[in-house]
Amino acid sequence: MWQIEQLLKILKGTPFRIERESFTGISTDSRSIKEGELFIPLSGINFDGHTFIPSAYDRSKAGSLCEKGREDIAEDVKGTIILVENTLKALIELAAYKRRQTDARYIAITGSNGKTTTKEILVHLTKDIFNIHFNEKNYNNVIGVSKSILSIDKTPDYCIFEFGTNSKGEIKTLAQMTMPDISMITNINPSHLEGLFDLDSILEEKLDLFRETKHNGTIFINVDDTRLLSSYKSFPKNTINSFGIIHNADFNLAIVEDLGWRGYNINLKLSSDTIKTKTSLLGIHNLYNVLAAASIAYSMGVGINHIAKHIESFNSYSMRFQPVESKRGYIVVNDTYNANPSSVQWAVKTLINLPCNGKRVVILSDMKELGDKTTYYHRELGRFLNENSVSMIALLGEHVKETYAELNDKNAYLFENRQELIDFVSGYINEGDVVLVKGSRLFKMEEIVEALI
1 MWQIEQLLKI
11 LKGTPFRIER
21 ESFTGISTDS
31 RSIKEGELFI
41 PLSGINFDGH
51 TFIPSAYDRS
61 KAGSLCEKGR
71 EDIAEDVKGT
81 IILVENTLKA
91 LIELAAYKRR
101 QTDARYIAIT
111 GSNGKTTTKE
121 ILVHLTKDIF
131 NIHFNEKNYN
141 NVIGVSKSIL
151 SIDKTPDYCI
161 FEFGTNSKGE
171 IKTLAQMTMP
181 DISMITNINP
191 SHLEGLFDLD
201 SILEEKLDLF
211 RETKHNGTIF
221 INVDDTRLLS
231 SYKSFPKNTI
241 NSFGIIHNAD
251 FNLAIVEDLG
261 WRGYNINLKL
271 SSDTIKTKTS
281 LLGIHNLYNV
291 LAAASIAYSM
301 GVGINHIAKH
311 IESFNSYSMR
321 FQPVESKRGY
331 IVVNDTYNAN
341 PSSVQWAVKT
351 LINLPCNGKR
361 VVILSDMKEL
371 GDKTTYYHRE
381 LGRFLNENSV
391 SMIALLGEHV
401 KETYAELNDK
411 NAYLFENRQE
421 LIDFVSGYIN
431 EGDVVLVKGS
441 RLFKMEEIVE
451 ALI
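Just so we're aligned: the sequence shown equals residues 1 to 453 in this note's numbering.
It cannot be assumed that every hint is accurate.
As the list claims (entries may be wrong) - Each pair of labels, with its calculated beta carbon distance range:
hint	residue 1	residue 2	range
1	154	276	34 to 42 Å
2	6	216	28 to 36 Å
3	102	69	28 to 36 Å
Said to hold, decoys possible - Using 30 Å as the maximum straight-line C-alpha spacing, the simulated DSS-like pairs for lysine-lysine come out as follows:
hint	residue 1	residue 2
4	12	89
5	78	61
6	276	127
7	349	359
8	78	89
9	349	327
10	237	98
11	309	269
12	34	89
13	78	98
14	368	147
15	368	444
16	98	9
17	214	137
18	327	444
19	359	327
20	34	61
21	98	61
22	309	349
23	61	12
24	410	359
25	68	168
26	12	154
27	373	168
28	278	137
What the hints contain is simulated information worked out from the structure, not anything from laboratory work.
Remember, predicted model here, so these are calculated numbers, not experimental data.
For glycine and all other residues, C-beta sits at the position ideal for the given N, C-alpha and C.
Can you build the whole structure from these sequences, using the hints too?
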């Protein structure tokens with residue numbers, strides 16, 4: 001329950017009208033707001049949340065925040081109205097306040113790749129032992145994390161959050177809001193370059209998570225990532241734990257047996273404990289996610305036998321290198337969640353290393369948010385595909401024309417729309433083939449998967 005005096009103090013707000021003095025919760029969505037909740041109108045490129053204040057009141061019968069200068073809307077609406085300078089900042093301040101009122105320990109995971117899968121595995125490893133709260137799906141930006149914190153009902157033991165960013169300063173804002181006790185950076189790779197410009201900027205942005213981790217908190221560094229390794233000793237106020245597959249670390253993973261489409265038998269070394277287990281996840285990149293999650297779980301006090309058992313029972317997360325057998329007897333690998341240069345390369349390498357009785361086909365779309373490096377990375381993808389042989393490549397989009405231009409004697413095709421691509425590929429593939437589908441969310445590549453299976 002939020003009281004009006006409490007809200008005014010936290011937000012340094014000005015009461016425009018007070019008709020209700022307590023609120024059952026906070027909502028930013030006028031379509032799903034519940035009775036008694038306070039509405040926070042947020043604005044984006046194509047909408048102004050203030051226009052939804054009337055409809056929010058119709059459902060909540062409570063009140064709303066309103067930015068100063070927009071009182072014209074507030075005058076015609078019933079309910080309590082609190083004026084603030086900026087509604088997004090107000091949302092963040094309320095989330096930060098609530099975080100400081102809870103005794104839960106906070107865990108934050110960021111990185112260019114693998115943060116969602118690592119979070120999901122970690123939740124799976126710990127939810128039977130602790131009361132866990134986590135941000136669902138990929139609600140990992142300032143708005144998503146704020147809303148997730150504000151949705152906490154009873155105090156959990158741990159709150160597990162993934163942090164995403166596409167602009168400078170976002171990780172710092174998220175970390176200051178949550179004050180993590182435990183933090184991890186999975187890796188540093190080219191992604192969201194539109195707002196972060198280059199790999200050095202990405203590194204600095206991600207390192208803000210470690211800088212804002214609580215004094216005497218625990219941080220986890222991937223020692224196989226050369227950029228992260230260089231910052232290994234830069235955080236003396238924290239307990240530093242290392243994890244890796246290639247280099248010796250506090251937490252290590254080794255492949256005992258490659259089981260093809262059934263995953264891997266692996267050996268885990270978690271501090272001084274070792275154990276063998278199995279994972280059904282495919283690809284070396286997913287082994288890093290398994291190791292990362294196991295490392296944090298172990299540091300939380302979860303026993304190694306429990307960790308091993310639950311690694312074995314964790315199944316592939318939706319649209320992340322998820323193999324699906326089609327009615328016609330070929331396999332479609334659904335890796336359509338998103339795409340950046342490193343994740344595309346990992347996916348193709350994994351495809352090549354998996355057993356296949358027929359042809360290996362790769363379907364790719366443009367990679368987005370690469371800024372002025374867009375041409376470079378699409379060209380680089382073409383050079384990579386020249387060195388990693390597959391039977392056929394189908395490309396969808398504008399920037400992949402740069403990829404196509406780099407391809408040598410490849411069986412490669414460019415398509416203007418999804419349906420043309422689907423029709424062509426459907427006539428090309430047969431029983432025993434394996435088809436990888438990967439691309440940026442904008443292209444809705446999952447529709448290609450649905451059509452092919």
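*Violations among the numbered hints*: none
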